[in-house]
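Asks: Residue numbers for the sequence shown follow UniProt numbering, so the first one is 1 and each next one is one higher.
Just so you know, these hints were derived from the structure itself, not from any lab. Treat each hint with caution, since some may be false.
Unchecked claim - Label pairs and their in silico Cβ distance ranges:
{"id": "1", "residue 1": "GLY213", "residue 2": "ARG292", "range": "38 to 48 Å"}
{"id": "2", "residue 1": "TYR286", "residue 2": "ASP188", "range": "20 to 30 Å"}
{"id": "3", "residue 1": "ALA216", "residue 2": "GLY322", "range": "49 to 59 Å"}
Stated by the list, open to error - Taking lysine-lysine and the DSS-like style, the derived pairs with C-alpha atoms no more than 30 Å apart in a straight line are:
{"id": "4", "residue 1": "LYS246", "residue 2": "LYS278"}
{"id": "5", "residue 1": "LYS306", "residue 2": "LYS220"}
{"id": "6", "residue 1": "LYS247", "residue 2": "LYS220"}
{"id": "7", "residue 1": "LYS390", "residue 2": "LYS352"}
{"id": "8", "residue 1": "LYS197", "residue 2": "LYS278"}
{"id": "9", "residue 1": "LYS342", "residue 2": "LYS352"}
{"id": "10", "residue 1": "LYS278", "residue 2": "LYS247"}
Idealized CB from N, CA, C, for every residue including glycine.
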Amino acid sequence: MIVLEWWRRWGEIRPAAWADNAHHEFSRYQSGRFSSQPRPRKITTLNVLRRLAVVGRVSFPPGLAMAAASAAAATASTPSSTLLLPKRDRSSPSRFAPPTLPLRSTHGSASAIHFRVGAERLGHPGAGVVCSAAAAASSSPSSPSFGVALPAALLFDCDGVLVDTEKDGHRISFNETFAEKELGVTWDEDLYGELLKIGGGKERMTAYFNKTGWPANAPKTEEERKSFIASLHKRKTELFMVLIEKKLLPLRPGVARLIDEALGKEIKVAVCSTSNEKAVSAIVSYLLGPDRAEKISIFAGDVVPKKKPDPAIYLLAASTLGVEPSSCVVVEDSAIGLSAAKSAGMKCIITKSGYTAEEDFLNADAVFDCIGDPPEIRFDLDFCGKLLQKQYVS
1 MIVLEWWRRW GEIRPAAWAD NAHHEFSRYQ SGRFSSQPRP RKITTLNVLR RLAVVGRVSF
61 PPGLAMAAAS AAAATASTPS STLLLPKRDR SSPSRFAPPT LPLRSTHGSA SAIHFRVGAE
121 RLGHPGAGVV CSAAAAASSS PSSPSFGVAL PAALLFDCDG VLVDTEKDGH RISFNETFAE
181 KELGVTWDED LYGELLKIGG GKERMTAYFN KTGWPANAPK TEEERKSFIA SLHKRKTELF
241 MVLIEKKLLP LRPGVARLID EALGKEIKVA VCSTSNEKAV SAIVSYLLGP DRAEKISIFA
301 GDVVPKKKPD PAIYLLAAST LGVEPSSCVV VEDSAIGLSA AKSAGMKCII TKSGYTAEED
361 FLNADAVFDC IGDPPEIRFD LDFCGKLLQK QYVS
């Protein structure tokens with residue numbers, strides 16, 4: 001077992017000086033003064049660290065660059081006092097193949113070791129991002145000992161994702177409202193399925209009446225009709241909340257489990273819905289419970305001017321939560337929700353619901369019938385993390 005002898009014999013090697021030395025040796029490599037033979041070359045531990053800095057200086061895939069950082073803080077599990085220099089990758093004149101030996105850290109101060117990544121891409125020595133070996137060890141997916149990089153935020157649609165509310169929840173509440181107001185309108189299951197292609201309850205009613213004709217007792221001016229639709233939607237929400245409070249609509253399988261996984265890892269969780277905010281809050285509070293509800297952010301209703309498939313609500317959620325859209329994973333059930341998530345630059349998992357099973361989910365990152373509870377779990381938090389890793393290596 002070798003130890004990092006340079007630490008004891010030479011003391012601290014400052015990152016800038018290390019990068020300058022690496023730049024010199026990389027120039028030698030480019031000019032052909034290194035052997036072009038494909039066999040590995042034996043060198044001392046100190047020079048391994050320098051060569052690894054060279055690896056970090058060229059245009060290198062992020063996963064391998066991070067692996068190089070980890071290797072810089074490690075020693076090989078071998079009785080020999082030498083290590084192997086990474087072989088030149090002959091498919092590219094400016095790349096090295098990654099180290100071939102399994103490296104393990106044996107030094108307690110690995111977090112102090114750094115090298116610079118990306119200097120060659122920026123065109124001058126010593127530039128680039130400083131990468132810590134300890135950080136690499138905590139995030140690289142290349143070793144079984146490294147954990148999966150998890151999402152910064154997990155964003156859920158509400159209707160059809162948390163609860164299959166549409167057919168026996170919202171539709172029933174709409175019809176009860178129409179009956180109370182004596183509008184002579186009833187939405188059957190097939191018609192309501194078509195109307196779900198329009199995001200938002202108020203928008204749904206407006207589109208329906210514009211197409212089929214407004215009821216005789218409806219207002220005549222556009223402004224009055226907006227107020228009329230708003231009053232219908234308010235009453236519909238009140239009737240819908242009664243169903244939620246009575247817990248007549250259960251959570252879909254796996255929802256509570258996945259949310260608990262995320263909250264347990266201190267990952268931000270939010271519900272992003274075109275439905276009324278009071279209705280969404282009622283679902284979260286009554287069905288997920290107050291302990292979970294206080295940790296879940298809600299973005300719903302008219303919080304944004306445009307509804308799904310516009311990405312506004314997901315972009316608002318990412319901005320408010322302080323995370324990058326590309327680090328978020330969305331769970332949706334509909335094509336318009338999928339379009340909103342992808343337009344926001346987020347990964348999207350579809351869990352089909354009763355009304356959306358036949359929709360086109362070609363652009364989804366994954367499609368399931370539900371999230372799932374044991375023993376039939378469809379996906380978990382690690383799966384969400386792997387979707388994010390895929391976007392960086394694909």
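Asks: Evaluate each hint against the coordinates.
Replies: Here is how each hint holds up against the structure:
Between GLY213 and ARG292 the beta carbon distance is about 44 Å. The supplied range of 38 to 48 Å therefore holds. At roughly 28 Å, the beta-carbon separation of TYR286 and ASP188 lies within the given 20 to 30 Å, and the hint holds. Between ALA216 and GLY322, the C-beta spacing of about 51 Å keeps the proposed range 49 to 59 Å intact. For the hint linking LYS246 to LYS278, the alpha-carbon distance of about 15 Å falls within 30 Å, and the restraint holds.
About 25 Å separates the Cα atoms of LYS306 and LYS220, which keeps this hinted pair within 30 Å; it holds. Pair hint LYS247 plus LYS220 does not hold up; C-alpha atoms about 39 Å apart against a cutoff of 30 Å. This hinted pair checks out: LYS390 and LYS352 have alpha carbons roughly 23 Å apart, not beyond 30 Å. As the CA atoms of LYS197 and LYS278 are separated by approximately 22 Å, the hinted pair is consistent with the 30 Å bound.
Distance hint between LYS342 and LYS352 is fulfilled; the C-alpha atoms sit about 17 Å from each other, no more than 30 Å. Only pairs whose Cα atoms come within 30 Å are accepted, and LYS278 paired with LYS247 is accepted, the gap being roughly 16 Å.
The structure is inconsistent with hint 6 alone, although it conforms to all the rest.
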